[in-house]
Structure formats: C-alpha cells, structure tokens
Amino acid sequence: MLRSVTTRMCAIGILLALAVLVWAQEEKAHVIMGLQSPPPIRFQDTLPPGALQAKATTACTECHEARIILQQRLSKAAWIKEVDKMIKWGAVVDAADHDALVDYLSTNFAVDQPPYEAPRTTTIKKVLPK
Amino acid sequence: MSAAALAMGANPLFSRAFPFPQTGSISLPGEDGMIVRSVRFFDLETPVEYFNTWLTPVPHFFVRNHMHEPSELEAGTWKLSVGGEVEKPLSLSLSDLARIETHSVVNTLECAGNGRGFQRPQVPGIQWGKGAVSTARFSGPRLRDVLQRAGVKSSGKHIMFRGLDEVPGKVPPFIRSIPIEKALDSDTLIATHMNGAPLTKHHGFPARALVPGWIGAASCKWLTEIKVLDSEFVGNFMSPGYRLPNQPIKPGDSLKPEDTHPVTSLNVKSVISGPLDGSALKAGRVSVHGTAWAGEADIAKVEISTDGGSNWTPAILGHEQARYAWRLWRHEFTAKRGDYTILSRATDTQGRVQPETPAWNPSGYLYNAVDEVKIHVA
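These protein sequence lines are chains W and R, in that order.
With positions in the first sequence counted from 1, the corresponding number in the working numbering is that position plus 1087.
With positions in the second sequence counted from 1, the corresponding number in the working numbering is that position plus 39.
Chain W on its own, in the form it takes in the complex (with noise of 0.2 Å):
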C-alpha cells in the first residue's frame, strides 16, 4: 500500500516536471516566434459590465466576437429584432432572460453612446510580402 502511494507520488511528480518543462518550452519558443513574427490576435471577448453579462457573453461570443456588439449604436426596437433573430440562427437565450438581455444591450449600445473605436493592425513592415 505504501509502496502503491509513493509509486503514484512519484508519477506525479514526473509528470508536473514534465509539464514544466513543456510549458518552459513553449514560452521560449513564443519568445524565439515573437521575434520572427508578430505575436497571436487578440479576440475581444468582453462584454460591458451588468446582471447580463455572464449571460450576453454566453449568447453571443459562442459564434462571434464581442467587438461586433461594442460597435452597434441602436434603437431597442433594433436590438428586440437582433436579438430574435440571433436566436432563430442559434443563440441560447432563455425565455425568461430575454427582456433583460434586451434592456442590457439597448443600455450599453444605445444610439447617443459615443462611437467605437476600431483598433488598427499593428504595422510590421519585416511580415510584408515584398
């Protein structure tokens, strides 16, 4: 029995050095990619704060990116016709959620919210094709 233990206490052990070393790997060969090419897109995922953001974020960003919803500037008649749409094509929105999802979306992106601002592609100029 104890033999069994320090067997699988030593497996263990084996396998976090393992994944140390793996992890140690991976972080010198983004440093060696980093240099050679720019480093991962970054999705935006993240939804105003709010009682529906856990919710909003599940329902949307399943099939696309959160950016999407940050650059809409609509009425909550437009967002009513949104989000039943979205729901037609897929997006899991219970029945009892549904009003309050509208109300969280038409507060956050209403028609008098300043615009969104776009970011821009980093310029590489080492990446383009010549």
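One should not assume that every hint holds.
Straight-line distance between alpha carbons at most 25 Å, and here's what the computed SDA-like set of lysine to any residue pairs gives [stated by the list, open to error]:
(1) W:K1175 - R:V210
(2) R:K295 - R:V273
(3) R:K192 - R:S270
(4) R:K209 - W:M1173
(5) R:K209 - W:D1184
(6) W:K1175 - R:P211
(7) W:K1168 - R:G280
(8) R:K240 - W:P1206
(9) W:K1172 - R:K192
(10) W:K1175 - R:S293
(11) R:K221 - R:P301
(12) W:K1175 - W:Q1140
(13) W:K1142 - R:P211
(14) R:K192 - R:L223
(15) R:K240 - R:P160
(16) R:K118 - R:S304
(17) W:K1168 - R:K221
Keep in mind that the hints were calculated from the coordinates and are not lab data.
Let chain W serve as the given structure and place chain R on it in line with the hints.
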C-alpha cells in the same frame, strides 16, 4: 491552450472564444495598419490613406467574411462541382481550371455595407467606414467557359454559388445566386489569382467567383459548388438579405419583400484619400486626392469643393482605367490660413451623381454621400 501554443498553433483565427482583453493594436502578418472591424468573423477595413494606388496591394485589400473562414483548404483535393440545370455535371480540380483559358479583369470590389457606419438613424451590421472597398486584377477562367462545358439547359436562369465558409449555430449558409445574363458576361470569372499571385486564404483561395461591378457579396469566396437554377436562389442572403426598398422608406416603416429588389451593381461614389480629415497643413499648395468608382458604369467626372460646397472644380482623373475599376483623381489649390471643408462629388456615365444625403435603407447598403474632410491651414 496557452498563448504560446496559440502563437505556434495552426491558425489562431479559427480558435474560438478566447477571453483576451482588448488591446490598442492587433498584430497580423501582412495586414499592417488595417482597421479591425471584427476578428471573428474576420473583417478588415482599408484605411483611406491607402487609396493611393490603382491596384490595392493584397495585404491592404479589405476583408469581409460573414462566417468562419474554412479551417481546411487543400489545393490538391479541392473540387468545384457544377450541376443543376446542366446537360453534363462537372467536378473540376484546380489543375482542370488552370487548363481553361485565363482572363483578367481589374475590378473595384466594394462591400454593399461600405459606409454603413455613417447612416442615420444607425442600422445593425458591421459599422464600416469608407474603406470596405479595394481594387485588384483578378484572373482565372471565365464562368461562361465552365458553364458551356457543362451545357446549361434552357431552363437555367440563375447561377448559385456555394463557398466553404463554416457556418456557426443555426445561421443560414452564405449562398447566393446571380442571373444567367451576368454569369455569361465575358468578364465574370472563376478567379484563382489576384494581382498576379494565387488568391490568399482571406480572399477565397483556391477559387472565388468574381462578378465585376457588383457588390462584393456576389463574388462568393472559397467556391466549391456552382448550381444552375431555374429561378433565383431562395435563402436568407438573397431575401431578406441584400435587398433595397423600391421606394424610399422611413426608419420604422414596415417593408414587404415584394416591395424590394436585390442589390446588384455598385453606386457612383468618390472618397478623399488625402488630406486626412482633421489634419493640420501649412499654407500654400495643397493636393487633394482620392478615388472614384461607379460599378458597371464609368466615372465621367469628379468635382472638388474647397469651400464647403459653394464652388466646384473638376479634378484631374488618373490615366489608369478599366471598365470595372476605380479612377484615381487629384486636385490642387492654394490654401491660405484658415479652416477648410473639402468635398468630393463623382458623376458617372449613366448621369448618376453622388448625393449630399443618400436615401436611408434598413440595412445601410450602398451608402454614397458626397465625401467630406475638414482641414486646418496655419
């Protein structure tokens, strides 16, 4: 998956739902300085300051996707099927296409939603500014040569394109059709090349439809199926998508499908590529420049006003031209100290003129207001 694995992985574009925080810039090989409208789905806008060459370099060519780009594309196994109302259905490989006579068309490709972000009241969709438009030389076999090999039956009236886009959830597939007359036009292509090089993945590798002078949505990317139909394809992206009201409507008005028509050819439009809006210049000679296009028509003239629209002067049009391609233009004037509102207004050979305020429509299609930049001269 760690960030390192993502960097080294097959392609981070197709990984899903990574909760990264927003940063000011996004690095993407070969697509420098592009405006990011969406990463997933992938939509990049060309900044207007890049509109200074007749042909847009591929890394600066706008990208519009409705769905996820195909995760797997293998040139060796890729096939294009041609079926429906034909005598002899075909299955063509990339090398089969390469054996058919190649034709080249310089085409200005514009997303139907270009300028949607300027519509008031606002409408839903990607909030494009001025740059969901670019120009390239597309090459490949004529669609009509492929259709002739299959033998279109007299019942064939519309040509349907299906791409390899990966559809999320229950979203309807991005399938559309064009009328047979446009499909048989000698300039409608199955394009395999862009500016002399094979299509890149973002632009539809290994083959895409190229329907010149029409909205970008007609030119289906990652083409995998051509089907000859006896009537217009029935699907979301033919109706209610990509339709315009027959008569101007007001926001909130209901719109019946029978009171709409498909969006096809592009509008007449000009854009100022410099000076940039909000820039400060020194007094003296100022060069105003930009580009203008008109879909299936040609640009007749571009007029510039440097006083907010009171007086207009014709711009000099660039020498490079082709039937479906934009014309670059420029105009110089002497600027004294002060604030200037510079406008550009294009007129085409069909007599269409860029309006001050285009008619509003519920999807924000074909926005083509007179372009405007404000500058300060010190």
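Straight-line alpha-carbon gap K1168 of chain W to K221 of chain R, limit 25 Å: violated, 34 Å
Hinted pair K240 of chain R and P160 of chain R, Cα distance within 25 Å: Violated, at about 35 Å.
Restraint status (C-alpha distance of K209 of chain R to D1184 of chain W at most 25 Å): holds, 20 Å
25 Å Cα cutoff - pair K295 of chain R, V273 of chain R: At roughly 16 Å apart (the allowed maximum being 25 Å), V273 of chain R and K295 of chain R satisfy the hint.
Restraint check for K1175 of chain W with P211 of chain R, where alpha carbons must lie at most 25 Å apart: Given that 25 Å is the threshold and the Cα spacing comes to 10 Å, the pair holds.
Pair hint K240 of chain R and P1206 of chain W, alpha-carbon separation not exceeding 25 Å: The hint holds at about 22 Å.
Satisfaction of hint between S304 of chain R and K118 of chain R, Cα-Cα up to 25 Å: violated, 29 Å
Hint consistency between K1142 of chain W and P211 of chain R [alpha-carbon to alpha-carbon, up to 25 Å]: Holds. K1142 of chain W to P211 of chain R sits at ~23 Å (cutoff 25 Å).
Distance restraint between K1175 of chain W and Q1140 of chain W, which requires alpha-carbon spacing of 25 Å or less: holds, 21 Å
Distance restraint between K1175 of chain W and V210 of chain R, which requires alpha-carbon spacing of 25 Å or less: It holds: about 8 Å lies between the C-alpha atoms, which stays within 25 Å.
Distance restraint between K1168 of chain W and G280 of chain R, which requires alpha-carbon spacing of 25 Å or less: holds, 14 Å
25 Å limit on alpha-carbon distance, applied to hinted pair K192 of chain R and L223 of chain R: holds, 13 Å
Figure legend: structure checked against the earlier numbered hints; hints not met, in rising order: 9, 15, 16 and 17.
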